[in-house]
Amino acid sequence: MRHSFLDRYSDLGSFIHKLDPRTKVITTFAFILVVVLTPPLRWQAFALYFALIASVVLLSKLPPLYVLKRSLVIVPFVLFITIFIPFLKPGEVAGSYNIWMWHISHSGLLILWNVVIKAWLSMLSLILLSATTKFAELLKGLEQLRLPKVMVMLLSFMYRYIFVLVDEVIRMKQARDSRSFGGKRTWQLKTIGNMVGTLFLRSYERGERVYGAMVARGFEGQTRTLSSPHFRMADLYFAVAFLSCLALVGFTIIL
Amino acid sequence: MEKAIEIENLSYSYPDGQQALREINLAVGLGQTVALIGPNGAGKSTLLLHLNGILRSDGTVRILGVPLEDKNLKWVRSKVGLVFQDPDDQLFSPTVFDDVAFGPINMGYAEEEVRGKVSQALKWVGMEGYEGRSPHHLSVGEKKRIAIATILSMSSEILVIDEPTANLDPRAKWELITLVKGLPMTKIVASHDLEMVTALCERTIILDEGKMVADDATPSIMSNTALLERHGLATTPERR
Chain A
76 MRHSFLDRYS DLGSFIHKLD PRTKVITTFA FILVVVLTPP LRWQAFALYF ALIASVVLLS
136 KLPPLYVLKR SLVIVPFVLF ITIFIPFLKP GEVAGSYNIW MWHISHSGLL ILWNVVIKAW
196 LSMLSLILLS ATTKFAELLK GLEQLRLPKV MVMLLSFMYR YIFVLVDEVI RMKQARDSRS
256 FGGKRTWQLK TIGNMVGTLF LRSYERGERV YGAMVARGFE GQTRTLSSPH FRMADLYFAV
316 AFLSCLALVG FTIIL
Chain H
923 MEKAIEIENL SYSYPDGQQA LREINLAVGL GQTVALIGPN GAGKSTLLLH LNGILRSDGT
983 VRILGVPLED KNLKWVRSKV GLVFQDPDDQ LFSPTVFDDV AFGPINMGYA EEEVRGKVSQ
1043 ALKWVGMEGY EGRSPHHLSV GEKKRIAIAT ILSMSSEILV IDEPTANLDP RAKWELITLV
1103 KGLPMTKIVA SHDLEMVTAL CERTIILDEG KMVADDATPS IMSNTALLER HGLATTPERR
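As given, the protein sequences belong to chains A and H, one line each in that order.
This note's numbering runs 75 ahead of the 1-based position in the first sequence.
This note's numbering runs 922 ahead of the 1-based position in the second sequence.
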């Protein structure tokens, strides 16, 4: 079965794709850090951040619409968390939007805008990172950046088995749907509960078998890896250019 | 003949108390290919897990004449390569290369040597050029081959395979049989695919309810229909 992969389009051969994963991880996190630290009222800064990300997207030859669509996935989550802030935050009332007994406050609206724009910009940069880097290379990069090996291993198992689990869920759903003929809502919920339990047990047992397969090949608790690619001049150029753009925006607008 | 595997008085119960193996006594000569057949739940996989010390219990297991102990587990695991039934269990890395290199890296080989072993193992199973692929996107037949390559890269002297032909279509099955047949090491194959056993193994052991009930040359086991019927390996004539 095919799924929409985390690293779809990671096979494109653009300049951005060929960068060392470490360069991309570092610049991505620098970008997120600067975005998060920008005061919410400096909207020009956010426009420039967007322009910066958009130009890198163009450089990377990713379909812009794909990036945009992917980035919208997080909007419901962010909105769900932030939508209540304008109602709950005390402060100057913004206009006459009195809905029942809540008042929408200015500072609340500001926080809403602040959270949404920062989350969205950060998301854009992360999509750019994951869509231009093969997951295996991303893991290598994180490991070289001294992310604890246990965490790298967790991520790698997640990436390897998430598809296996999704397949298992799809198969279970198909088996249920071929035998289910409606029924009460509570009955359906009970079925879902049973499926979740079964999935947990199966994953647990699979975990034991995978561990067996690792032990059988000499695994003793530490992961060891081979060394891998080195920084190239292109990495240096990109990192310097990107980070100085960021710094420029930061100094001229924020300060 | 020199012995690759010797098992004496091996019994094992699962943590829930259910007896899985009873008094197994077995010796396999160097270079032999032995089939371990039996119905579902007979204890085949459990026995295989004892061969490289993943499961331990009372009774002695000797590998190449050396008794299996805590202090030589690493050595034993480098000698006995175990291919699991479900290749999704065996292949746990993000790329084929990482998976085939996992064993050699854990054995402590240098980088050059690891790369050499990986390309050699992939060549052996006819999967050159698959290094960068993600195991999830391979067919079952390809996954099985890579799973065998993950063991070949460790240069094990004893190859233990659990259900090699499960879930394979006839063509993939026969390709795999040809591949395994061409491997020179001592081989233990657990299965209930009698066609494969006949083509691959000179000696067959029947395991049922944790006990060894037969141990003979493959042709004489396969011609003993009554024996096969008794242990769920052939169906009785009136059902046909």
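Quick caveat, the hints were computed from the structure, so don't treat them as lab data.
A hint or two may mislead.
The calculated lysine-lysine pairs, modelled on DSS-like cross-linking and capped at a C-alpha distance of 30 Å, are [unchecked claim]:
#, chain 1, residue 1, chain 2, residue 2
1, A, K209, H, K1065
2, H, K1103, A, K224
3, H, K1133, H, K996
4, A, K209, A, K144
5, H, K925, H, K993
6, A, K193, A, K144
7, H, K993, A, K224
8, H, K1103, H, K996
9, H, K1045, H, K996
10, A, K224, H, K996
11, H, K1045, H, K993
12, A, K93, H, K1065
13, A, K248, H, K1045
14, A, K93, A, K224
15, H, K1065, H, K1045
16, H, K996, H, K925
17, H, K1133, H, K1103
18, A, K93, H, K996
19, H, K1045, A, K209
20, A, K144, A, K93
21, A, K248, A, K265
22, H, K925, H, K1103
23, A, K144, A, K259
All values reported here derive from a predicted model rather than from experimental measurement.
Quick rundown of the hints versus the structure:
no. : hint              : result
1   : A:K209 - H:K1065  : holds, 21 Å
2   : H:K1103 - A:K224  : violated, 39 Å
3   : H:K1133 - H:K996  : holds, 29 Å
4   : A:K209 - A:K144   : holds, 20 Å
5   : H:K925 - H:K993   : holds, 21 Å
6   : A:K193 - A:K144   : holds, 17 Å
7   : H:K993 - A:K224   : holds, 26 Å
8   : H:K1103 - H:K996  : holds, 27 Å
9   : H:K1045 - H:K996  : holds, 26 Å
10  : A:K224 - H:K996   : holds, 22 Å
11  : H:K1045 - H:K993  : violated, 34 Å
12  : A:K93 - H:K1065   : holds, 29 Å
13  : A:K248 - H:K1045  : violated, 39 Å
14  : A:K93 - A:K224    : holds, 24 Å
15  : H:K1065 - H:K1045 : holds, 14 Å
16  : H:K996 - H:K925   : holds, 20 Å
17  : H:K1133 - H:K1103 : holds, 27 Å
18  : A:K93 - H:K996    : violated, 39 Å
19  : H:K1045 - A:K209  : holds, 25 Å
20  : A:K144 - A:K93    : holds, 24 Å
21  : A:K248 - A:K265   : holds, 14 Å
22  : H:K925 - H:K1103  : holds, 20 Å
23  : A:K144 - A:K259   : violated, 36 Å
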